[in-house]
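Participant: Each chain, written out:
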Amino acid sequence: MTLKEILPGQSCVVKQVYSNNLRKRIIDMGLITGTKIHVKKTAPLGDPIEIIVRGYSLTLRKAEARTIMVDRIEE
Amino acid sequence: MLNIALIGNPNSGKTTLYNLLTGSNQSVGNWPGVTVEKKQGRLKSNNIDANIVDLPGIYSLSTISLEEELAARYVEQREMDLIINIVDASNLERNLFLTYQLLESGIPMIVALNAMDVVEKKAEKIDSSKLSELLGVPVIPISASKKTGINNLIEKTEQTVWKYFRHVVKHEFHKNRVKDRHKKIKGRGMGRHGDMMKAKFEKHKNLHHVGMHQNKKRYAEVKGVSYNDEIESTITKFNEIIKDRFISIRFFEDGLKALDILELKKDDIDKLLELYNQEMKNHKLDFDMVLPNARYEKIIEAVDQTYARNKDMKETHTDKIDKILTHKYLGLPIFGVIMFTVFFLAFGPVGTFVTDQFVWLINQFFTWIINGVESLGMAEYVSSLITNGIFGGLAAVVGFLPQLAILFFALAILEDSGYMSRAAFIMDRALRRFGLSGKSFIPMLIGFGCTVPAIANTRTLDNDDDRKITTMIVPFVSCGAKAPIYGVFAGALFGGGSFLVVFSMYILGLLVAILSAILFKKTLFKGAKANYIMELPEYRMPTPKNTLLHTWERCKEFLVKAGTILLAAFIIIWFFSYFGFVDGVFRLLAEDEISHSLLGSIGRFILPIFKPIGFTDWEATVSMLTGLIAKESVVGTLGILYGVNGDVVQNGTLLYASIQAHFTTAQAYAFMTFALLSTPCIAAVSAMKKELGSWKWFTFIIVYELVVAYIVALGIYQIAQLDIGTILTILFSTLVVIFVFFMVRKFIRNKGSACGSCEACKKTGACSLPQFVKFREETEREEDDK
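These protein sequence lines are chains A and B, in that order.
Each residue of the first sequence is one higher than the one before, counting from 1 in my numbering.
Each residue of the second sequence is one higher than the one before, counting from 1 in my numbering.
It should be emphasised that the hints constitute simulated quantities derived from the structure, not laboratory data.
Remember, predicted model here, so these are calculated numbers, not experimental data.
Accuracy of the hints is not assured; some may be wrong.
Which stretches of chain B does chain A cover? Using the computed rule of at least three CB atoms under 8 Å from a CB of chain A, they are [as the list claims (entries may be wrong)]:
1. 52 to 66
2. 280 to 288
3. 328 to 339
4. 350 to 364
5. 428 to 436
6. 534 to 546
Far from chain A, some chain B residues (derived; all Cβ distances over 12 Å) [unchecked claim]:
7. Asn11
8. Glu93
9. Ala123
10. Ala395
11. Ala424
12. Phe448
13. Leu500
14. Glu593
Glycine included, every Cβ here is placed at the ideal spot set by N, Cα and C.
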């Protein structure tokens with residue numbers, strides 16, 4: 001499943017980041033295979049989403065979120 | 001002189017630290033060839049002479065924007081002798097990523113561990129000496145906002161400079177000693193001996209510099225970063241050809257892009273590419289992730305050993321604030337209220353009151369000067385130049401200053417507190433439709449007040465294309481100075497409907513701005529995507545000093561501009577409006593003789609061009625020309641030309657009769673449209689030139705604005721001449737065309753790929769890789785489900 005499908009309040013682990021404009025940046029920001037992500041919320045207009053990764057808060061668009069493959073985990 | 005680069009993540013407190021390290025000893029220039037600011041300053045130190053360069057904030061050396069690229073290139077070329085890496089201690093893990101990349105460069109470095117006060121407040125601890133041991137470089141805990149640890153940092157910088165560059169520093173001392181001695185003897189400057197010493201020193205320093213960049217002549221060697229065998233073997237293989245470990249690592253991460261700064265032979269590059277493809281198979285992890293993963297592993301290890309977390313902390317104050325400010329339903333209305341407040345403060349009663357007082361003061365001052373000038377009994381044209389040309393023009397522009405200062409101040413608070421990022425987060429969805437990102441909203445909004453600060457604000461956009469597009473569309477947004485024009489024309493001719501007419505002007509401006517953005521995106525900036533990936537920093541209390549400094553910097557910029565480019569423009573416009581032929585004699589004109597001026601002649605000359613858009617007399621064209629100084633001058637000039645007594649800008653009703661006599665409703669509407677959309681005032685034009693950088697873009701946008709203004713005014717005026725049946729026909733057919741367009745677009749879209757980014761993969765052939773095939777199927781299935 002992709003990061004886009006993870007609902008606010010749920011957590012997941014990164015499997016792979018697929019090709020998109022920002023792939024390198026996403027990886028450098030710390031989203032690497034095995035990294036835990038907590039989806040915090042979606043913006044008032046439904047997009048972008050806010051995630052907590054490596055202890056800080058990052059926002060990205062759903063267009064990019066759908067290129068990030070993840071496994072949902074229970075906390 | 002030694003070059004120290006200040007490098008760190010965005011929002012790490014870099015600017016605050018820079019101000020503390022340099023004091024008032026700063027200069028702002030541009031990076032060569034681009035319009036990004038380059039700030040430099042002298043390090044506050046009595047013992048060493050060093051220049052600090054404030055580099056744009058970056059997260060990583062792999063870049064996505066022009067500003068980041070500059071910083072990364074600066075590091076890759078190792079143009080500095082020493083790095084001060086500012087690290088946000090409250091966000092250690094992510095910040096250390098860049099630190100490790102910088103360590104790989106082999107340049108001597110000091111880590112300034114910032115925001116220690118925030119860490120302590122959370123009852124957490126960082127063992128900085130342990131961290132220093134792990135990183136292999138000095139780590140100095142500081143708090144830039146609380147101004148603690150700064151002296152330690154400066155001291156450590158001096159020590160580090162001594163350790164690595166004793167040679168240079170010694171000469172620096174010698175030079176200063178010679179300088180001082182000569183100052184004492186001669187009381188000024190350096191003598192011949194000093195010059196000789198200087199030349200000697202420069203020569204030596206240059207030689208030394210070359211050496212330093214090859215990492216040879218340092219007194220102590222910098223410990224780099226070593227990785228596991230698997231990675232080291234790949235780096236070594238690359239390095240056999242590249243012969244520069246740092247660049248080999250960069251090549252590992254960024255591919256060919258990293259080789260730009262080297263001059264490699266074509267064979268070598270081919271060999272490297274082959275090697276790259278080979279090495280790709282030797283790693284278990286995705287190749288792009290290998291190095292970042294190794295770094296983060298090291299980071300986690302380091303953080304675990306040095307960071308004592310407070311496990312009881314559940315909710316930070318940022319979480320609490322964000323619960324309200326980015327709330328699902330409350331987020332948008334709160335954003336609206338905040339923006340309205342900013343706008344209201346600057347352009348509402350408060351701003352107007354302050355402006356009025358200020359303008360009164362300025363006028364007193366200028367009158368005093370003008371009287372003084374006149375009493376000197378200089379030639380008439382000289383005193384006219386000073387009073388009407390220079391001070392008249394300056395008063396019109398400087399009069400904006402109080403409102404701008406309020407606006408800049410309010411925005412500085414929003415920016416320093418961290419709310420600006422939230423605003424972009426909230427608005428991104430709405431602006432993406434027009435190909436812009438969330439951050440473009442702020443400049444657009446400021447544009448309703450004044451175009452000049454709006455354009456200056458585009459600098460906060462990450463993406464260079466976004467910045468250009470926003471700069472080019474902002475002038476279409478109706479600024480505050482255009483309001484008097486609408487007020488007079490709508491009031492005179494549209495009676496009860498005047499409010500709607502004025503409102504329609506604002507909507508028209510916004511519409512043209514948005515359509516232009518879409519047009520630019522689809523044609524000029526094709527393929528450019530408004531990227532969005534943004535950190536939401538923790539909320540911080542803005543410090544008064546920083547906020548004021550921010551405000552002052554922006555105001556100063558405006559004043560400097562007013563003092564240079566604008567002054568020249570005013571003098572030219574003054575010449576054209578105050579000189580002309582009266583009864584065959586070329587002479588200086590009185591205030592009410594503007595009809596004889598050169599400007600009047602130009603107005604008459606170009607009138608035929610404006611006939612189709614409803615301009616019937618030269619007074620209209622001339623007033624439009626004077627609008628270049630400031631848009632409200634349009635009304636003032638009309639007052640003079642129609643021979644109305646009194647201040648028509650303050651009291652528009654005085655002009656009503658003349659307007660009614662000279663304009664029909666259709667002509668008035670076309671006139672307003674042209675005033676709205678055509679070239680903005682000189683201040684805005686010069687701001688645009690500054691932000692766009694190149695003459696090519698600048699010329700393009702000026703022509704574009706004139707053409708668009710002409711076409712829209714023409715359309716409005718000509719349609720208004722038609723009978724109602726024809727208008728309805730045109731309206732109907734336009735609707736049909738739009739409908740068909742959207743249907744076709746929808747059709748094409750549905751046949752397109754499942755996800756936008758697949759297009760990029762297909763081109764590179766990446767789509768055929770096993771993992772991508774699976775992904776493509778998944779996304780296509782998902783699309784079908786919808």
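Participant: With reference to the structure, classify each hint as holding or not holding.
Facilitator: These are the hints, each one checked on the structure:
{"no.": "1", "hint": "52 to 66", "verdict": "holds (count 4)"}
{"no.": "2", "hint": "280 to 288", "verdict": "holds (count 3)"}
{"no.": "3", "hint": "328 to 339", "verdict": "holds (count 4)"}
{"no.": "4", "hint": "350 to 364", "verdict": "violated (count 0)"}
{"no.": "5", "hint": "428 to 436", "verdict": "holds (count 4)"}
{"no.": "6", "hint": "534 to 546", "verdict": "holds (count 3)"}
{"no.": "7", "hint": "Asn11", "verdict": "violated (10 Å)"}
{"no.": "8", "hint": "Glu93", "verdict": "violated (4 Å)"}
{"no.": "9", "hint": "Ala123", "verdict": "holds (16 Å)"}
{"no.": "10", "hint": "Ala395", "verdict": "holds (44 Å)"}
{"no.": "11", "hint": "Ala424", "verdict": "violated (8 Å)"}
{"no.": "12", "hint": "Phe448", "verdict": "holds (21 Å)"}
{"no.": "13", "hint": "Leu500", "verdict": "holds (29 Å)"}
{"no.": "14", "hint": "Glu593", "verdict": "holds (57 Å)"}
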